[in-house]
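Residues 57 to 287, numbered by the numbering used here, are exactly what the sequence shown covers, in order.
To be clear, the hints were calculated from the coordinates, so they are not data collected in a lab. Note that the Cβ used here is the ideal one computed from N, Cα and C, for glycine as well. Any given hint might turn out to be false.
Restraint ranges, calculated between C-beta atoms of paired labels, are given here [unchecked claim]:
1) Gln223 - Gly194: 43 to 49 angstroms
2) Gly180 - Ala231: 17 to 23 angstroms
3) Ile213 - Gln71: 17 to 23 angstroms
4) Thr216 - Asn196: 38 to 44 angstroms
5) Leu230 - Arg171: 23 to 29 angstroms
6) Thr102 - Leu72: 17 to 23 angstroms
7) Ile173 - Val75: 26 to 32 angstroms
8) Ala208 - Ala231: 32 to 38 angstroms
9) Phe136 - Val87: 20 to 26 angstroms
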Amino acid sequence: MSTKTRQRVRAWTGQLVVVALAGLSLIDIWVVSLSDVTTGLRLINTIILFAICLALVWRRRAPVAVLFAVMVLVGIQAMFFSPPVHNPGEQPTLESFLALLLGFYSVAAYAEERRAILGAAIVGASILAIDIPRLIAGTNPGDIIPAWLFYATVWSIGRTLRQRQLQAARLQDLAAQLELEREERAQTAVAEERSRISRELHDVVAHSVSVMVVQAQAAQRLLQGEQQEAR
57 MSTKTRQRVR
67 AWTGQLVVVA
77 LAGLSLIDIW
87 VVSLSDVTTG
97 LRLINTIILF
107 AICLALVWRR
117 RAPVAVLFAV
127 MVLVGIQAMF
137 FSPPVHNPGE
147 QPTLESFLAL
157 LLGFYSVAAY
167 AEERRAILGA
177 AIVGASILAI
187 DIPRLIAGTN
197 PGDIIPAWLF
207 YATVWSIGRT
217 LRQRQLQAAR
227 LQDLAAQLEL
237 EREERAQTAV
247 AEERSRISRE
257 LHDVVAHSVS
267 VMVVQAQAAQ
277 RLLQGEQQEA
287 R
């Protein structure tokens, strides 16, 4: 499988993940979590979660911006439009949490190192600013710490894949450079061989011409001598 084919497969796989997240959101909104609430709240949550999924489509091109957009949308949903089975202002719904994980992974996997670290620092500070007061208020650590572990895990996976991609890109560039140098050396060798053959031909022709000139001069002197003897 070529590099371009692998890239296309990864791109399509990433988009299928977003489609699956959108489908999970619809099931959760219209079948599970919001089955006992008004249609208006369902529609609002549907719009918010589809906006989140739409933002995630661009996560490869602008991972940091997409993560911030997802955080804002998830925050709005959690604070104002959270389903009754959840505690408003506390933890997001499952699909919102998955969207945050996907956005966080995208920053680790697709952003430059400086921007990735900056984005991770801002996200980490935001999460701690929300979760530490919850811990102080008596929330069960088992409801909070596993989420931190998930964030740390997806970040580690994303950065590892990022480093592997960068290393693969460097190896491809090195291979291309070596191939170019090989072609240049081959062209140089061909040019040198042609130059050598040209010099040898020039020497052979020059020698042949010199021999012809000497022979012509000798023949001319011989003829002159015979003419003088004839007189």
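Going through the hints against the structure:
1. Gln223 - Gly194: 43 to 49 angstroms: holds (47 angstroms)
2. Gly180 - Ala231: 17 to 23 angstroms: Between Gly180 and Ala231, where Cβ atoms are some 38 angstroms apart, the hint is violated.
3. Ile213 - Gln71: 17 to 23 angstroms: Since the Cβ atoms of Ile213 and Gln71 sit about 19 angstroms apart, the hinted range of 17 to 23 angstroms holds.
4. Thr216 - Asn196: 38 to 44 angstroms: violated (31 angstroms)
5. Leu230 - Arg171: 23 to 29 angstroms: Cβ of Leu230 to Cβ of Arg171: about 26 angstroms, so the range 23 to 29 angstroms holds.
6. Thr102 - Leu72: 17 to 23 angstroms: holds (20 angstroms)
7. Ile173 - Val75: 26 to 32 angstroms: The hint (26 to 32 angstroms, Cβ to Cβ) holds, given that Ile173 and Val75 are roughly 30 angstroms apart.
8. Ala208 - Ala231: 32 to 38 angstroms: For Ala231 against Ala208, whose Cβ atoms are near 35 angstroms apart, the range 32 to 38 angstroms holds.
9. Phe136 - Val87: 20 to 26 angstroms: Holds - the Cβ-Cβ distance for Phe136 and Val87, about 22 angstroms, lies within 20 to 26 angstroms.
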